[in-house]
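Working from the sequences, and respecting the hints, build out all of it.
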Amino acid sequence: MTQPVSPPRDSADKVPSTNEAPAWRSLVFRADVRTLSLLGVLAALIVIGGITKPDEFLDTRNLQLVLTQASVIGVVTVGMTFVITSGGIDLSVGAIVALASVWATTVATQEYGFAGILFTAVLVGVGCGLVNGLLIAYGGMVPFIATLAMLASARGLALQITDGRTQIVSVDGILDLGERDSYVLGVPPLVMVFAVVTIIGWLVLNRTTFGRRTVAVGGNAEAARLAGIDVRRQRLYLYLLSGLCCGIAAFLLIILSGSGQNTNGNLYELDAIAAAIIGGTLLSGGRGTITGSVLGVLIFTTITNIFALNNLQSDVQQIAKGAIIVAAVLVQRRTASTT
Amino acid sequence: MAPQPPLLSMSGITKSFPGVRALDGVDLEVQAGEVHCLLGQNGAGKSTLIKVLAGAHQPDTGAIRWRGEDVTLRSPIAAMRLGIATIYQELDLVEHLSVAENVHLGHEPTAAGFVVRGRAARASTAALLKRLGHPEIEPARLVGELSAAQQQIVSMARALSHDVRLIVMDEPSAALDPDEVDNLFRIVGDLTAEGVAVVYISHRLEEIRRIGDRVTVLKDGRAVAVGLPAKSTPTREVVALMTGRNVEYVFPDRPASAPGGTPVLEVEGLAREGEFEALDLRVRPGEIVGLAGLVGSGRSEILETIYGARKPTAGQVRVDGHALRPGSVRAAVRAGLGLAPEERKAQALLMLESVTRNVSVSSMSRFSRAGWIDRGAERGAARSATRELSLRPDNPDVPVRTLSGGNQQKAVLARWLLRGCRVLLLDEPTRGVDVGARAELYAVVRRLADEGLAVLLVSSEVPEVLGLADRVLVLREGRVVHTAPARDLDEHRVLDLVMEGSPAS
Amino acid sequence: MPEPTYPSPFTSRRGLLLGTAAVSAGTLLAGCTSNDSSDDEPAANDQPAAEDKPGKQVTIGFAGPQADHGWLNAINDNAKNRAKKYSDVTLEITEGSNDTAQQIGQIETLINKKVDVLVVLPADGKALTQVGLKAMRAGIPVVNLDRIFNTPQAYRCWIGGDNYGMGLNAGHYIGEKLKGKSGARVIELAGLDNLELTKQRTQGFDDALKNYPNIRKVARQAAEFTVESGQAKMAQLLQAQSKFDALWNHDDDQGVGALRAIEQAGRDDFLMVGGAGALSAFQAIKRDDGVLKATVLYPPTMAASAIDLARALGQAKGVSGLAEYEIPASLTLYSAVVDKENIDQYMSTGFK
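Going down the list, the sequences are from chains A, B and C. Residue numbers are given in our numbering: position 160 of the first sequence equals residue 160, and the series is strictly consecutive. Residue numbers are given in our numbering: position 471 of the second sequence equals residue 471, and the series is strictly consecutive. Residue numbers are given in our numbering: position 239 of the third sequence equals residue 239, and the series is strictly consecutive.
Mixed in with the good hints there might be a few duds.
To be verified - Straight-line alpha carbon distances no greater than 25 Å define the calculated SDA-like cross-link-like pairs of lysine to any residue that follow:
1) C:Lys352 / A:Gln317
2) C:Lys243 / A:Gly186
3) C:Lys217 / A:Arg61
4) C:Lys352 / A:Arg61
5) C:Lys126 / C:Ser330
6) A:Lys53 / C:Ala219
7) C:Lys243 / A:Gln317
8) C:Lys352 / A:Gly113
9) C:Lys352 / A:Gly173
10) C:Lys286 / A:Leu175
In short, the hints are calculated from the structure, not lab data.
Here it is, written out as C-alpha cells:
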C-alpha cells in the first residue's frame, strides 16, 4: 500500500556502479522517514491537544489515560503485525478477546482467583489461535475465511457463555491492578504489560530467526519454502502468537473494565489492521514494523482522547478518524517518494 | 519529391527515475513496413523506451513525431488511438476472462452503447486468430487454460484488434519453441507486407539477423548505434556495441581428467505422472551434468522433484547413498541439496530484503543461539560468500532488488555456498542475465564444481548446456533419449535428438 | 363479543399501563400494593392483566431479537416466566435473531402454525412491518413490543418504553437534586449514537434541564451500550471535566464500565443517575456507597405485560382496571426513577 513507486525493472536492474551507495541509502532513509512522519503526525496531534485543552490534555493523568486506553488494542496490534507481515490476516482478534474475557470471568473461573482468570484468558486465546493456525497452515484454508469463521464462532460461543449478561469480576487482585494505587512510579500496570509486549515483539521480529522467517514467508512464500523454511509450521506459530496476544489483551481488558462481556473487543480487527497499515506494515506481507504499529495505535488513541476532551460527538469523531487515516498514509507516501 | 517522413521519429528522449537516469537523449526512427530491432543489455533502457512509446511513461525531455507531426503520448490510450500497440514481455492478460473478452478488453463491440455483443466479439477474435495461424484457439476458452505460447498469440491478437500501424514486441520469442518462433516470424512478415512497422526486442542475435531490417543499439540509456543494417552488421560488432567489450559466450575449461569418485546424487526411476518418467542419473562431486530439451520436456519439473518441491509418483533420490523423504524440501536441504530456480524473483529472492538476508536465509541456525541472531556474524559470513563469487556491489546491505540479474543469481548461489551445500541444481542459470555477465557466471559454476560441488544444470539454450556441462542428458517429452559426454555432441546433433528422439548416428 | 371486565377494583400497580411522560420531576408512581416477590428471577408484578380465572386456551407466538444484551435477555425471561404462570397459555418462542430476513422467516412459521396471538419484538421495526401486516391480515392479532412497526395497521396493540420520557425524568431528577446550586454542571454519557432512541433520550434530558436555569450541560460523549466503551468514554469524560455535579448515563450495562472508570479515577464528587434498571445498578443504589444514586427505568417487564395483553386478546377480554371493553391500541410505559427510597419495590425486576 505504501510501497514507494519503484523505477521500472529495466532501469533499476543496473544502477551505474558510481551511484550504488545512494540507491540503498535512500531505501534505509525511507524506512526512517516513514517512522519520522508518524512521529510528526503524533507531534501535530499533541500540539492540537495542547492548544485546544492545555490543562486537561497536557497532564500526567491524561498521559496515563491515553497509554492505558492504548494498551489493550496495542497488544492485539503487535500480534496482528506479525500475521500481516507474514502475508496473512487475522479477522478473529476481537472475537477471541471477547471469548477469552468471558470465559475467564465466569463464576466457575473466578473461584480460582487471579491465576485462574489469567490462565484461562491466555489459554483460550492460544487455543483459538491454534485452531486458526491449523486450519490455515495444514487445512489449506485462506486466512481471511478461516479467521472469519473463527470470528463468527468465537462471538457465538461468547454469547452462549454469557447469555448476553455482563459478568462482573469480584476478585480483588484483578480489580486492584486497574486502580491508581497499583501504579509503579506513575506507570499503570496495563501500560507496563503493553511496553513489555512491544519490546519483546520488536526483538522477536527484528533480532530472531522467527522474525526472519516471518518476513521471508510474507515476502515470498514460495522462495521461503524453496530456501528450506517450514512455511506451514511458521504460519501455525504466527496465528498462535496472535491468539496469545488476544489472550493477554483480554486479561488487560478484564482488569480495565472489571468485567467480561460478549460484546468486548468490538471491531478490534479493523482497528488493529488500520494501525498496522498506517504504521508501515505492508498489507501484502514482507515488511513489518512494530514501532510503526505502536505509533499507529497511539495516534488513534490520541485522536479519540483529543476529541473527547473537546466534547466532539461520535459522528465528527468518525469522519475525522477516516480523514486522518487517509492523510497519514498520503503524508507517508509523499515523504517516501520525494527522498 | 520530398522523401516520405518516417512513421515514427523519437529524438532526444530523456527520462530519469529517482537515482537513475534511464534514458539519456535517445533517438529512434522507424519506417512504415520495416522490422526495427532494439538491442541492449538489461538496464540499457529498452523497457523504458518502449514504455515511453506506449504512453506509459512521460519523457522528461525530447520530441516524438508521428507521421511527420509532433505528438504527445499522454496515456496508453492516446498511443493506442494513434495506432501504436505494445506486446509486453510479461503478458498482461486477464486469466479469468475468455480469449475473446481479453482481445476486446476496453473496446468491446456493443449494442446500444453498453450491451456487449459476445457473438460478434468471438467471431472477430476467431478471424484474428486464424490470421495469426492459430485457428485452434477457441475464442470462448479462458485465457488461464492456455499455454504460454498460446497466450502470446492472444496478446498479439489483442494488439491487432485495433487499427494498428506500429507494433512493439518485447522479447516475443522468449517463451516459444522453435516451430512457434517460425510462426511468429511468418506473422511479422505478413504484418510488414501490409505496411505495419514492427519494433522487435530480443536478446537472440540470430533472430534479429533473420527478420530484422535495421538495428538500434542502446547502452546505459544512450543510443550507441542508430539504424544499422541488420543483416550485414557483423555479430561481433553488435556485441561489442552492446557490452562495450568484445565478448561472446566464453566457457571455462573443463578439468583435464573426468571427475571420479562415488556419485553424491543418485536418482533412480524418478517419475511424475504426465511430466517425466523413469529418470536415472548420477552426479559425482566436481561434475556438471546438463539436461537439454525443449520447453515442455519436463526439465524444470525434474529439478524441482529431485529437490522435493514436487512429489514424485515413483522413484527415489539418494544423497551419499541415503534416500531422501520424497516431497520434502527440508529433507533435501538438510541432505545438502540447493536449488537456483528458473524464476529467481518469484521462487528464490526476497525482493524487499538486503543481500545479507537473502544469502543467510537458509543458514540462519548457524548465526543464532536459541533463535537469537548474531547479526555481525551473519553479515560477515554473507559478505565472505558474496565476495567469493565477486558479487557486485561489494556491499551486503543493499536491497537485492537493486542488483542486476547476474548478481541476483550470484546471491542465490551464495546462499547455497554459505549453507555448505554439496549438490547444486541450476535451472536456467543465465535467464535474464546480460551477455557480458554470463561468462563470469559460467566461470563461477565451474569453479564451484572444481571445489567439489556436484552440479545438475538445466537450460533451454543448447550452447550453454554443451559449453558448461561435462555430461549431457537429452530429454524429449519427459524421457531421456540420449546420454553422452558434452564434447561428443554439437548443437545440431542435440536439436536432432530433441526433435526426432533417436540418435542420428 | 369481548367480555366486559369492569367494574373491577383498581388494586394493582397496573398504573404502569396508564402512564406516559410529562409527569413532574421526582414524582414516583407509588404502588397500591406492595410487591413482596422474593423470586430471584427478574419478575414483573404478579398481578395479571386480565381476569385471573383460567379461560380458553391461548397459543402465543413470541419472536424477539438475539439476547446479546442484559436487557434483551431480561425481555425473554419476563415473557417466559409470565407465560408459565398461566395454565391457559402455551408459549411458542423462537430462537432470537438480529437478522431481519431470519426473523421474518420465524414469524411466518408462527403464522403458518396458526398461533392465536403474536408478540413481536423486531430486530428492526421498520423492516418487519410487512410481516406484521401479513399476520394481521391472517387474522392473528399482533402485540408489537417496544420497537414500533411503520404503521398501526401492522399491530393490534403496541407496548413499549418511553425513551424521551427516560431522558426527561432523569433530567428532572437531577434538576431537583441540584436545586439551589448555582452554576451547576452536568454531563451525559449517551448510548449508541446510531440509534434513534439515543437521540430521543438526549432530547428529553435536554428539555428537562431547560427548566433549571442554574444547570448547564457541559459535556456529552456517546458509548456503545458495552462495558468496554462505557469505561473508555467515561475515563475520557472524567479527564475532560475536572469538576461537575451530576452525570446521567443512558444504560446500566455500559454503566458497569463507567463506574469502573470513576473508581479508577478516584472520583466521588458528583451524583450519577443510570438508565434501564439493571440488577447491579439497583444493588449499588441500595448499598448507597458510591456515586450512583438512582436509575431511570426502561422496564423489561414490558414483555410480561405483552404476554398479559396477548392472552387477553386471545380470550377477548379487556384490561382490568379500565373502563374500556377493548385492549388499548397503544401503551407507553412510564420511565420511573428508582432511588434509595423506592428501591426495594423494584429490586426483583432488575436484570442481570
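Verification of the hints:
no., hint, in the structure
1, C:Lys352 / A:Gln317, "32 Å, violated"
2, C:Lys243 / A:Gly186, "23 Å, holds"
3, C:Lys217 / A:Arg61, "24 Å, holds"
4, C:Lys352 / A:Arg61, "33 Å, violated"
5, C:Lys126 / C:Ser330, "17 Å, holds"
6, A:Lys53 / C:Ala219, "14 Å, holds"
7, C:Lys243 / A:Gln317, "24 Å, holds"
8, C:Lys352 / A:Gly113, "22 Å, holds"
9, C:Lys352 / A:Gly173, "24 Å, holds"
10, C:Lys286 / A:Leu175, "22 Å, holds"
When held up to the earlier numbered hints, the structure conflicts with 1 and 4 and fits the remainder.
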